[in-house]
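So the protein sequences, as listed, match chains A and B. Taking the numbering used here, I'd label the letters of the first sequence as residues 527 to 734. Taking the numbering used here, I'd label the letters of the second sequence as residues 22 to 684.
Just so you know, these hints were derived from the structure itself, not from any lab. Here a beta-carbon is modelled for each residue, glycine too, at the ideal position from N, C-alpha and C. Among these hints, one or two may not hold up.
[Stated by the list, open to error] Derived BS3-like pairs (lysine-lysine); straight-line CA-CA distance at most 30 Å:
no.: 1; chain 1: B; residue 1: Lys-229; chain 2: B; residue 2: Lys-397
no.: 2; chain 1: B; residue 1: Lys-540; chain 2: A; residue 2: Lys-577
no.: 3; chain 1: B; residue 1: Lys-672; chain 2: B; residue 2: Lys-632
no.: 4; chain 1: A; residue 1: Lys-577; chain 2: B; residue 2: Lys-535
no.: 5; chain 1: B; residue 1: Lys-277; chain 2: B; residue 2: Lys-229
no.: 6; chain 1: B; residue 1: Lys-404; chain 2: B; residue 2: Lys-329
no.: 7; chain 1: B; residue 1: Lys-535; chain 2: B; residue 2: Lys-477
no.: 8; chain 1: B; residue 1: Lys-337; chain 2: B; residue 2: Lys-397
no.: 9; chain 1: B; residue 1: Lys-632; chain 2: B; residue 2: Lys-329
no.: 10; chain 1: A; residue 1: Lys-594; chain 2: A; residue 2: Lys-681
no.: 11; chain 1: B; residue 1: Lys-305; chain 2: B; residue 2: Lys-235
no.: 12; chain 1: B; residue 1: Lys-352; chain 2: B; residue 2: Lys-305
no.: 13; chain 1: A; residue 1: Lys-667; chain 2: B; residue 2: Lys-677
no.: 14; chain 1: A; residue 1: Lys-577; chain 2: B; residue 2: Lys-537
no.: 15; chain 1: B; residue 1: Lys-229; chain 2: B; residue 2: Lys-473
no.: 16; chain 1: B; residue 1: Lys-540; chain 2: A; residue 2: Lys-594
no.: 17; chain 1: B; residue 1: Lys-677; chain 2: A; residue 2: Lys-594
no.: 18; chain 1: A; residue 1: Lys-577; chain 2: A; residue 2: Lys-650
[Unchecked claim] Chain B is nowhere near these chain A residues, computed Cβ spacing over 10 Å in every case:
no.: 19; residue: Leu-636
no.: 20; residue: Thr-661
no.: 21; residue: Ile-678
no.: 22; residue: Ser-680
no.: 23; residue: Arg-715
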Amino acid sequence: MTSRARILFVVGSLLLALAFVLPLWAVYLQAPQYPEGLGMLIRINDITGLKPNDIDNINNLNHYIGMKRIVPESIPELRLMPIIIAALMATGLAVAALGRRWLARTWVVLFAAVAIVGLVDFYKWEYDYGHNLDTDNAIIKIPGMNYQPPLIGSKQLLNFRATSIPAAGGYALIVSLALGVVAVVIDWRRKSPAPALARRAVRPALQM
Amino acid sequence: MSLSRRSALLGVAGAVALGATFFHACAPTAQKAGVGIAADASSRVYVPPGSYDEYYAFFSGGFSGQLAVYGLPSGRLLRVIPVFAQNAENGYGYNAETKEMLNTTWGYIPWDDAHHPSLSMTNSEHDGRWVFINGNNTPRIARIDLSTMQTTEIVQIPNAAGNHSSPYVTANTEYAIAGTRFSVPIPQKDVSISSFDQEFNGTLSFIKADEFGKMAVAFQVLMPGYDYDLARPGKGPSADWVFFSSYNTEQAYTKKEVEASRNDKDVVAAVNFRMIERCVADGKAETWPSEYMHAIYDESTQTARSEKVTGVKVVKPADCAGAVYFLPTPKSPHGIDVDPTGEFLVAGGKLATVIPVHAFSRMQQAIADQAFDGEKDGIPILKYEAVNFCEIQNPGLGPLHTEFDGQGNAYTSVFITSEIVKYTLPGCEVVDRVPTYYSIGHLMVPGGDTRKPYGKYVIALNKITKDRYLPTGPELTQSAQLYDITGDKMRLLLDFPTIGEPHYAQAIEASLIKDKQVKFYRIADNNHPYVARNEQETNATRSGKTVHVKMTSIRSHFAPDNIEGVQVGDTVLFHVTNLEQDWDVPHGFAAIGSAHDAELLIMPGETRTLKWVAQFPGVYPFYCTDFCSALHQEMQGYVRVSPAGSATPLKWSIGKPAVTAAK
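Put together the whole structure using the sequences plus the hints.
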């Protein structure tokens, strides 16, 4: 690996640390009688409200349509995600240290796979919440209506406009993966980097 | 009839007809509505839908006993805060949680006459913590928290009657003030009314006010039996003093409208409360066994409690020389108002033909020079000429109250000629006057009693409206008028109705309190003895003939919503906790045949108790009264009442088999 690529790996891996403090994804709910907005933030190990009581208030509203309660403690992915991201961080730094291009490529492929699996999993949860309703106890029943929020983007669900987009931590993950891809591409162009060239490359990289 | 006689008759008839037409044309006609209104008035007071007003204004409800919150300049009524009168609308003063607020040594008093809101001050500027208001009839002072807009503390004033010169807090909210508009035997005793001049006194009271929950009578000054009408604390150089107007130096006790109006001059009492503090500390006060009630609302238990306090420090002016002076002032003065610099004391002599303006610096000089004109009960009377700074000439008839714009102008309300007169200080020249509709009492400039008035507007608080609005039978609204004072001429912008009788009002910049408004109470902080913090904690328990139901409300159901096993003669106490933890989701609670209570209006996170006595066997509904949600109509339940001695067990449920109360 070139020094530039290795630095990109170090930066990308360290960026993953942000995922531990910043929310990964946000779902905003807007309705006429909620001018102040409602919403939830999906974090690496928890789902929290945009405001302190938003999860309870969303759950209370959802009981009208028979949607299951959102209970973060019962979602196993929230326990897995910190391990997966920590592992990506550790291996990313290891790749930078070892400097093997095949390791770098493998890491990028693994990260991409994790991202795809994560999004598919998120979609499945959304589908489940949106479709598997307690029709016996639902108060508002509209034939053919489901309440699945969009994976990404906006959708009108009764009086609420649901908007689902990455949050700051999510963008950190995207940038981290993108840096990995860039690193791999840089190395790809340089079939066999001369060590001297690599050392010289350090300076411009640092000046970035 | 001869021709000449006929023509003479015709001539006379014609003259009468002509005369009638002429005089009819001369008859005065009512002034057209809209006269004197600024051309751009509507845009000046128009606050577009969804936009906020610039000021919160607190208007006393007068004989409604409450405090109204308006937005200015729009004049929109935002809320009525119950203070001294029970309020069926939300159960204040009815339910167990708030009833104690209205407890006095006379027992439970469901009403009072609320006159003067007074915003808390730091360095003679509004600090946005509280607003205080006096109860005139059964002397009391209430504290309203500006973050919850709830009455959180009420203290009774002992040795008092007619607490009118109140609460007018001092420069740093050290004290709220109370005084006696009605002199009475102090302490009370059975004496002949005609012994007034020997047996009757007034008191001027200083109530600790700078800490919630600690209101107490710090000391009372025992005064001659005059009627102490209004008060203002000083500011800046005069910040240690409070000034009280008085009338009835004649000490009349009957036919007072005539007998109390004889003297050309009555007095303004100047009281140095720092000096009295020192006299009290030096043991110059007597401790009297007077009793008064103190009620506080505990936000943690969400319940008011009241306790009787015994003992007050009473200071006689003769025992604390240099603390109290009388300033002769024409004639039956009503308002006594202090300008932003603390130098000028403007007295509204309601029967005087001038407005006397005293100067604090002249008062101090007069004290130093001992420019006295006799004394009364150990209180030196200063020479009028020595303290008076100027007399405003031609102020109109019946000047009452004065506020200031901080630009060197004073605005005095003039009752009889129904106008506001504007004059310069220290210039003492009238520069403008404007009619009010009708019979203005107090007036208010936003921040007009502070060291730094906000200016912009003056608001007239009127006693009579007559033709100003669509008439509503014999009982008409009272009103307020908003005038622009940014130019040389005062210009009428807006006229709006008010609740009760708006005596006085104060306004505060919205930014000082808007963002600290509590949106709901945290359920985790609710320590009400009968709180149910979730539906699992709900139950029904019997204790003799009393049934406690711990109930919750959340959109859109009560839990439990079925209760059985109540018997005729039982008192059912529904302790309803609103489980909502979101903004603007109150739930109501009402039960058919509530003979002992009004409804409950329960804010999110609050617990309130409705007392309901089971009178007849049957099944009776209860329901939510505040349209809370789409399924609000369904938010209801039943309580079954069985005959006394019935075997039906006490049980409660919602949507599942009933739970039976443990034996």
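Quick rundown of the hints versus the structure:
1. Lys-229/B to Lys-397/B: 28 Å, holds
2. Lys-540/B to Lys-577/A: Holds. Lys-540/B to Lys-577/A sits at ~12 Å (cutoff 30 Å).
3. Lys-672/B to Lys-632/B: 19 Å, holds
4. Lys-577/A to Lys-535/B: With Cα atoms ~19 Å apart, Lys-577/A and Lys-535/B stay inside 30 Å; holds.
5. Lys-277/B to Lys-229/B: 33 Å, violated
6. Lys-404/B to Lys-329/B: 43 Å, violated
7. Lys-535/B to Lys-477/B: 20 Å, holds
8. Lys-337/B to Lys-397/B: Holds: Lys-337/B and Lys-397/B sit about 12 Å apart, inside 30 Å.
9. Lys-632/B to Lys-329/B: With Cα atoms ~25 Å apart, Lys-632/B and Lys-329/B stay inside 30 Å; holds.
10. Lys-594/A to Lys-681/A: 19 Å, holds
11. Lys-305/B to Lys-235/B: 24 Å, holds
12. Lys-352/B to Lys-305/B: 33 Å, violated
13. Lys-667/A to Lys-677/B: Distance of about 22 Å is within 30 Å: holds.
14. Lys-577/A to Lys-537/B: OK: Lys-577/A and Lys-537/B at ~16 Å, within 30 Å.
15. Lys-229/B to Lys-473/B: 24 Å, holds
16. Lys-540/B to Lys-594/A: Distance of about 27 Å is within 30 Å: holds.
17. Lys-677/B to Lys-594/A: 19 Å, holds
18. Lys-577/A to Lys-650/A: 26 Å, holds
19. Leu-636: Leu-636/A clear of chain B: closest Cβ-Cβ about 42 Å, beyond 10 Å.
20. Thr-661: 16 Å, holds
21. Ile-678: Holds, because the least Cβ-Cβ distance between Ile-678/A and chain B comes to about 27 Å, which exceeds 10 Å.
22. Ser-680: The claim holds: Ser-680/A sits with its nearest Cβ about 23 Å from chain B, beyond 10 Å.
23. Arg-715: 56 Å, holds
When each numbered hint is compared with the structure, violations occur for hints 5, 6 and 12.
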